[in-house]
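Student: Working from the sequences, and respecting the hints, build out all of it.
Each chain, written out:
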Amino acid sequence: MTSNDRTRSRSLLDRRNFLGGAAAAGIGARSLFGASSASAQSTKTGTIRVWGEPGPYGGTAVAAMNEWAQKNAPGLKFEIETIPWDGVYIKLMTDLAARRPPSLISVESPIAMQMMAEGLLLAVDDIADKIGRDRLVEGVKWDYWGSWKGKQYVIPAHHQPHLLLVRMDIVNELGLKDPDTWDWNDLLNAAKTITQKKQNMAGFCMALGRNLCTDYHFAALLHAAGGRMFDASNKFEVAFDSPETVEALTFVKELQPYMPKGAVEYSFLQVVDAHVTGQTAMSFYWGRTLGRAAEEAKPIFEATEAFNHARNPRTSRRSNWNDFQGWCIPAQNNPYIEEVKQALLYQQTSKEWLVKYCHSLMPNVAPTYKDIANSEELKNHPFYKSKPKTVDTYFKSSLANSSSTANELLQGSNPFSGYVHGRSILAQTVQKVVIDNQTPQQAAKWGARELEAIRRENIRLLG
Amino acid sequence: MSRFSFLSSDRAVGLLFIAPFVVTALVFMVYPIAEAIRMAFFNYNPLRPDLVSYAGMSNFEFIFSDPLFWSSFGQGTVWTLLSILFQTVFGVGIALLLHRKLFGMAIFRGMLLFPYIVPTVVIALIWRWIFNPEIGVVNYGLLSVGLIGEPIYWLSTPTMAMASTIMLNVWKYTPFVVICVLARLQSVPLELYDAAKVDGAGAFRRFLDVTLPQLREVLIVVIVFRTIWTFNKFEEIYLLTKGGPGTSTFNLAVYSFEQSMASLRLGVGAATGVVMMIMLMIGSVVYLRVAGFGNEEKEA
Numbered sequence: 001m002t003s004n005d006r007t008r009s010r011s012l013l014d015r016r017n018f019l020g021g022a023a024a025a026g027i028g029a030r031s032l033f034g035a036s037s038a039s040a041q042s043t044k045t046g047t048i049r050v051w052g053e054p055g056p057y058g059g060t061a062v063a064a065m066n067e068w069a070q071k072n073a074p075g076l077k078f079e080i081e082t083i084p085w086d087g088v089y090i091k092l093m094t095d096l097a098a099r100r101p102p103s104l105i106s107v108e109s110p111i112a113m114q115m116m117a118e119g120l121l122l123a124v125d126d127i128a129d130k131i132g133r134d135r136l137v138e139g140v141k142w143d144y145w146g147s148w149k150g151k152q153y154v155i156p157a158h159h160q161p162h163l164l165l166v167r168m169d170i171v172n173e174l175g176l177k178d179p180d181t182w183d184w185n186d187l188l189n190a191a192k193t194i195t196q197k198k199q200n201m202a203g204f205c206m207a208l209g210r211n212l213c214t215d216y217h218f219a220a221l222l223h224a225a226g227g228r229m230f231d232a233s234n235k236f237e238v239a240f241d242s243p244e245t246v247e248a249l250t251f252v253k254e255l256q257p258y259m260p261k262g263a264v265e266y267s268f269l270q271v272v273d274a275h276v277t278g279q280t281a282m283s284f285y286w287g288r289t290l291g292r293a294a295e296e297a298k299p300i301f302e303a304t305e306a307f308n309h310a311r312n313p314r315t316s317r318r319s320n321w322n323d324f325q326g327w328c329i330p331a332q333n334n335p336y337i338e339e340v341k342q343a344l345l346y347q348q349t350s351k352e353w354l355v356k357y358c359h360s361l362m363p364n365v366a367p368t369y370k371d372i373a374n375s376e377e378l379k380n381h382p383f384y385k386s387k388p389k390t391v392d393t394y395f396k397s398s399l400a401n402s403s404s405t406a407n408e409l410l411q412g413s414n415p416f417s418g419y420v421h422g423r424s425i426l427a428q429t430v431q432k433v434v435i436d437n438q439t440p441q442q443a444a445k446w447g448a449r450e451l452e453a454i455r456r457e458n459i460r461l462l463g
Numbered sequence: 001m002s003r004f005s006f007l008s009s010d011r012a013v014g015l016l017f018i019a020p021f022v023v024t025a026l027v028f029m030v031y032p033i034a035e036a037i038r039m040a041f042f043n044y045n046p047l048r049p050d051l052v053s054y055a056g057m058s059n060f061e062f063i064f065s066d067p068l069f070w071s072s073f074g075q076g077t078v079w080t081l082l083s084i085l086f087q088t089v090f091g092v093g094i095a096l097l098l099h100r101k102l103f104g105m106a107i108f109r110g111m112l113l114f115p116y117i118v119p120t121v122v123i124a125l126i127w128r129w130i131f132n133p134e135i136g137v138v139n140y141g142l143l144s145v146g147l148i149g150e151p152i153y154w155l156s157t158p159t160m161a162m163a164s165t166i167m168l169n170v171w172k173y174t175p176f177v178v179i180c181v182l183a184r185l186q187s188v189p190l191e192l193y194d195a196a197k198v199d200g201a202g203a204f205r206r207f208l209d210v211t212l213p214q215l216r217e218v219l220i221v222v223i224v225f226r227t228i229w230t231f232n233k234f235e236e237i238y239l240l241t242k243g244g245p246g247t248s249t250f251n252l253a254v255y256s257f258e259q260s261m262a263s264l265r266l267g268v269g270a271a272t273g274v275v276m277m278i279m280l281m282i283g284s285v286v287y288l289r290v291a292g293f294g295n296e297e298k299e300a
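Protein chains in written order, with this note's numbering: chain A, 1 to 463; chain B, 1 to 300.
Treat the hints with care, since some could be wrong.
[As the list claims (entries may be wrong)] The calculated label-pair distances, taken between Cβ atoms and stated as ranges, are:
| no. | chain 1 | residue 1 | chain 2 | residue 2 | range |
| --- | --- | --- | --- | --- | --- |
| 1 | A | Thr-250 | B | Val-145 | 37 to 43 Å |
| 2 | B | Thr-159 | A | Glu-254 | 53 to 59 Å |
| 3 | B | Gly-149 | A | Gly-119 | 53 to 59 Å |
| 4 | B | Leu-125 | A | Leu-174 | 35 to 41 Å |
Derived from the structure by calculation, the hints contain no laboratory data.
C-beta atoms are modelled at their ideal positions from N, C-alpha and C, and glycine is treated no differently.
Tutor: Rendered as structure tokens:
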């Protein structure tokens, strides 16, 4: 008896019904629940493992899935397993290699795209159709989360840009300009001024350690300068050894004296710590910093606002890094595929659960669907009142500047980016400059060689 | 009849007793080593086992032409030599102190085992806090007594990160040296010391001419084992510095892990392991020969 046989599918909510129902009911959460929850009954038993990054939102999503399970698969229980950011790649690869993947993974787009290109993920076009292809917020496409050769492999969980967090009390005290008008020179000048005039405070902080956070922070600067790792329009030839890369590396080197000295080993957590404990007046980070500051350092929370990144003075780009975090389903060694698909559909079509998901760590996880982003329920959160512009920047206005290594300058899905982050190529390139004191030109050449090796070893992925 | 006599013989009983060890060794030692050697000659991406292919010597060519392999080897050697040097010096010194008959010495001997007993994961995390430049107790202490004027970034500069990993290793494994040396000290005949005293030897002279020669064999064994274990050590470095900053605290074990897991080049990781094994075998044999281990027994 196959898993498909065991799962007695009833009539699934089709797209037209969903959209029609949503419009008629104002996308009433419970009505959507009702439609999707009646879709299947499963007699399977066991625990369905779900992987997610640290944070309450993975747990919120799983709570929604368990609500589905109570009604439709009483013998099943979804359980979240949290993976530290810096450990996500190793954990994924070792468990996939050991043939014991979880049944559902919430992961950032670079790694999702690597797995998708390797053929390890299940195509989820059927779920995407049922969710509603035209439901996405303005400025994004389904591709950004993960599609390959015409098939969708990733369902949007959220979008999540890192932006420029600024202590406005310090900026105002020192008479600095409005950060919304800054270019790189203004940012550098502000970092310098703050470091010189505020005792025991660094002007700026970003991650410089050999880790994923540094990869993501540097990628934004690289893309703002117009640089890329690979040329998606030319069979992903390596394009890293370029004046744009040198420009971005030079900028990091110029900023370094105004960062905390320990930044060369900083990863995600340390950058948040630096901002929340008042060691730095500005940092690159996702919305999580504000969530933590609200809990632990109220004055810093109140003084901090988020801005789109400073403009590159030459290109005028304000590229950020956007995680485009999505749900993907391992195709092999996964005994719960049907159940996971239905539970995921249930969560994705529930306004109530999607709002809860976003509210679980404001403003870190931004809504991906229009009906959620524009809903009054979402706006029923204190952050919308205390920091409306910051929330809007994270949730909406940042999208115009989105980029990531998985989809550089939004020019096409990159199947190599997971390998790049697995090997920390960008972070190591940065460290060649900030620790080994190599010139940006030397570091760019080193990085290009490493990227070329990745392309050569995995050229099969291009088919 | 002969079959029954074999089954009841001492030989059969001996084989029976040794069987659990042989089976365990085959499963957990011989097979993994053989598999690692085999894998060193293949290209193997763990995500795509369907694409495995024979690589010949290319994995070895890769590592020997990789500057990171050689820097990892160099750093691993420095880490090992300095760790062993300090462990031996401190181990012998502490063992001599603990060899004295003083009130409460048993408590000190028990406490000494603490670093050795606590899991490495716990120790590494604690040491990360200890070394934290802003809130770590080391900087706090040094700043408080005025030895330093500003915080030291222990894990943020290549030299200090290497020093920190060595300190952690010395702290954790010195008790092992102490235990071995202390056990040997307790079996040194007191008559030797009495005779040396009668001959007018002072404390330092007695240490050089009586204690050290008596410790020679045990120190040779301890140094060989500690060298092998330290050279292969992965978790302390990885948990404390992840091989950083940059790759300044990479050793060959971390290099092998990075190649296998982060780079998904399992063949290269296996080849690194094979090279490490050969290096340690050669090094151990040469060291034992040079140190003259077992010569006394042969002469006897």
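Student: Give a verdict on every hint.
Tutor: Right, here's what the structure says about each hint:
1. The given range of 37 to 43 Å is respected by A/Thr-250 and B/Val-145, whose C-beta atoms sit roughly 41 Å from each other.
2. Here the CB-CB span from B/Thr-159 to A/Glu-254 is close to 25 Å, at odds with the stated 53 to 59 Å.
3. The beta-carbon spacing between B/Gly-149 and A/Gly-119, approximately 58 Å, falls within the hinted interval of 53 to 59 Å.
4. The supplied range of 35 to 41 Å is met by B/Leu-125 and A/Leu-174, whose beta-carbon atoms lie about 38 Å from each other.
In this structure, only the earlier hint numbered 2 is contradicted, and the remaining ones agree with it.
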